[in-house]
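Trainee: Once you've looked at the hints, dock chain B against the given chain A.
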Amino acid sequence: MWRNVAVIGCGQTKHGRRRDVSLAEMVEDAAWKAMEDAQLTPNEIDAIVVGNMQGFGGVAHPDCWVGDWIGAPGKPVMRVATGGTTGGSVGQAAIYAVASGMYDKVLAVAWEKHSDSKEPGATTGLLHVALGNLAHALNYGLSLKHLIVTQAVGAAAGVALYQARFYMHRSGCRIEHLDMVAAKSRRNAAKNKYAHLRWPGCTPEDIAKTEMIAYPFRFGHICPASDGASAIVVAAEDIAKRREKPVAWVKGLAAYSDEENQLMSESYGGVGVLDASEQMGCRVSAMKAYKMAGIEDPKREIDVAEIYQPFPSQELIFAERLGLFEEGKAWIALEEGEMEIDGRMPTDPSGGVLSTNAIGSSALQRILEAALQVMGKAEEHQVPKEVRNAVAHGWGGVTNYITVTVLGDSPR
Amino acid sequence: MPYIKEERPETLSVEGEWNIGATTWKANRLLEEFVKGLKQKKLIGSLCLGCGKVIVPPRNICGRCHRRMEGRVVVSDKGTITCFTYTPPAARGKYKVMGIDPVEMGVVQEGEVLVPVFVRFDGSDSNMSLPLIGVDPKEVYIGMRVRVVWAEEPKGELSDIVGVEPIK
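Residue numbers (my numbering), protein chains in the order written: chain A, 1 to 412; chain B, 1001 to 1168.
It is worth saying that the hints were derived from the structure and are not from the lab.
Be a bit skeptical, because a hint or two may be false.
[Unchecked claim] With a Cα cut of at most 20 Å, we get these calculated SDA-like pairs of lysine to any residue: (1) 1039/B x 137/A; (2) 193/A x 342/A; (3) 1039/B x 138/A; (4) 1042/B x 1145/B; (5) 145/A x 1026/B; (6) 193/A x 376/A; (7) 1138/B x 174/A; (8) 1155/B x 139/A; (9) 145/A x 1142/B; (10) 291/A x 75/A; (11) 1138/B x 136/A; (12) 291/A x 102/A; (13) 1026/B x 136/A; (14) 145/A x 1131/B; (15) 377/A x 409/A; (16) 1155/B x 1026/B; (17) 1042/B x 1154/B; (18) 1078/B x 1142/B; (19) 75/A x 117/A; (20) 14/A x 187/A; (21) 1094/B x 211/A; (22) 209/A x 1088/B; (23) 118/A x 1094/B; (24) 1138/B x 170/A; (25) 1041/B x 1073/B.
Predicted, not measured: the structure shown is a model, and the values here were computed from it.
Okay, chain A solo, but in the shape it has when bound (with noise of 0.2 Å):
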């Protein structure tokens, strides 16, 4: 058993290229945004957990450099740090805190600064995440070459260019739906005042004229690298309810590790999951949370998603596996417009990964955004219906990790 706990407080910062703003002046702006959202002071805060990239931006342990800055001094503070997942996991192990009753209010922070890393993609932190495998299999002779096709296809884009592949090869999906989800997620950030690319009236074709990446992937297919923070405050259920302002309960929420879907990792092993799309973290996961939410059937009971998505693919491989759309036919549900942000199921309606990428903060983003969803506080893309539940999804780690919370109105 555990207790009820609500989100009761979100901010967050303007993402994009940051060079107004040091990590720590960036991280405390969405830290003290959220504390006035829930209307508490530092002083009242419980606990914080924190998290971003290892290594990323330059910096090894950020965590020690932002604490004077959102209110840290004489609590308990805990970095976590999951590659993508990251934010998942910072906000989950937050909600874990107060539903142990362990603390009453916890703030949850979670952000990235790439743009302090010289060279595109924090190189630095890549290799920090990735240099033991490489390593490892160049001692064994593995050639260059072969290490720049296969290894290095990439990081997370070549993984995600995989996925798409099978998704496409066994759903029917074409390279042209892809244009559809990366357009429809440029013209949802341009309605989020918060967002990286935003980009209004933005068309399927405006992204098929951009590069070939990688088949099937182009240029408008790919998320930015933003700097950008974000933080809520969740409190136990007593709080919440004195609250006059709406809060967003946690209904459910679940985390799994898929180690078999691992590509090339320990010892350059062979990945023992033959459809890279299957994603079956994501399907137990969210099974997992739905049960607790006592939620029976997604399609009917979920009104909005938050997909973590930094390629198009994506958004449809894990609305699928959310359980929201018949298994290989999300992409016939994304040519009808159900996806839209007036659409049946609306996906992404804050523009998503896709359009926002400050890695450590996009999941908790997902979380935030549902949030802001179920308390009618999203402002311009705010989905015109009545919004009982919302489900926020993270996909990180090597490929292996995957964090699910469902979010609704009422306590469970």
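Mentor: Frame of chain A; chain B shown alone:
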């Protein structure tokens, strides 16, 4: 919030470098077994005695049974393409991999199209990522039968597998 200034142009930046220095990791002997097999033009996979899965190249732990993959089997060097992608023609200055321009280094030729594929070798239950050689990307399809292109004189290292080519 007194610290945050709404609109501030580029502020003071401090230069710095962070090299990921030398580290000596403890390795396991799995790759050693694999490359020993390559010297004899054999592909060695690990067999899970729990579920019977064969993974090539071998892994230590079965991801779903959570037990050590103690068995070893030799699988065929012929297999099936389960997935593929291809790049636009390479050009100098077009992209960098880990700070290296592959064309400038002479690793990839100007205009070369790279075709990474996933191969499921016969007798295995896993995908291995390898370069496909000598095929126009337009002719590649999922389900295409391929075989390993071995180095002329295998030395017992990973580059003994040059890539895969279609079985004519």
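Trainee: The structure should be examined with respect to each hint, and the outcome stated for every one.
Mentor: Each hint, compared with the structure:
no. : hint            : result
1   : 1039/B x 137/A  : holds, 16 Å
2   : 193/A x 342/A   : holds, 19 Å
3   : 1039/B x 138/A  : holds, 17 Å
4   : 1042/B x 1145/B : holds, 18 Å
5   : 145/A x 1026/B  : violated, 25 Å
6   : 193/A x 376/A   : holds, 16 Å
7   : 1138/B x 174/A  : holds, 16 Å
8   : 1155/B x 139/A  : holds, 13 Å
9   : 145/A x 1142/B  : violated, 23 Å
10  : 291/A x 75/A    : violated, 34 Å
11  : 1138/B x 136/A  : violated, 34 Å
12  : 291/A x 102/A   : violated, 24 Å
13  : 1026/B x 136/A  : holds, 10 Å
14  : 145/A x 1131/B  : holds, 9 Å
15  : 377/A x 409/A   : holds, 13 Å
16  : 1155/B x 1026/B : violated, 23 Å
17  : 1042/B x 1154/B : holds, 10 Å
18  : 1078/B x 1142/B : holds, 15 Å
19  : 75/A x 117/A    : violated, 31 Å
20  : 14/A x 187/A    : holds, 17 Å
21  : 1094/B x 211/A  : holds, 12 Å
22  : 209/A x 1088/B  : holds, 15 Å
23  : 118/A x 1094/B  : holds, 17 Å
24  : 1138/B x 170/A  : holds, 19 Å
25  : 1041/B x 1073/B : holds, 14 Å
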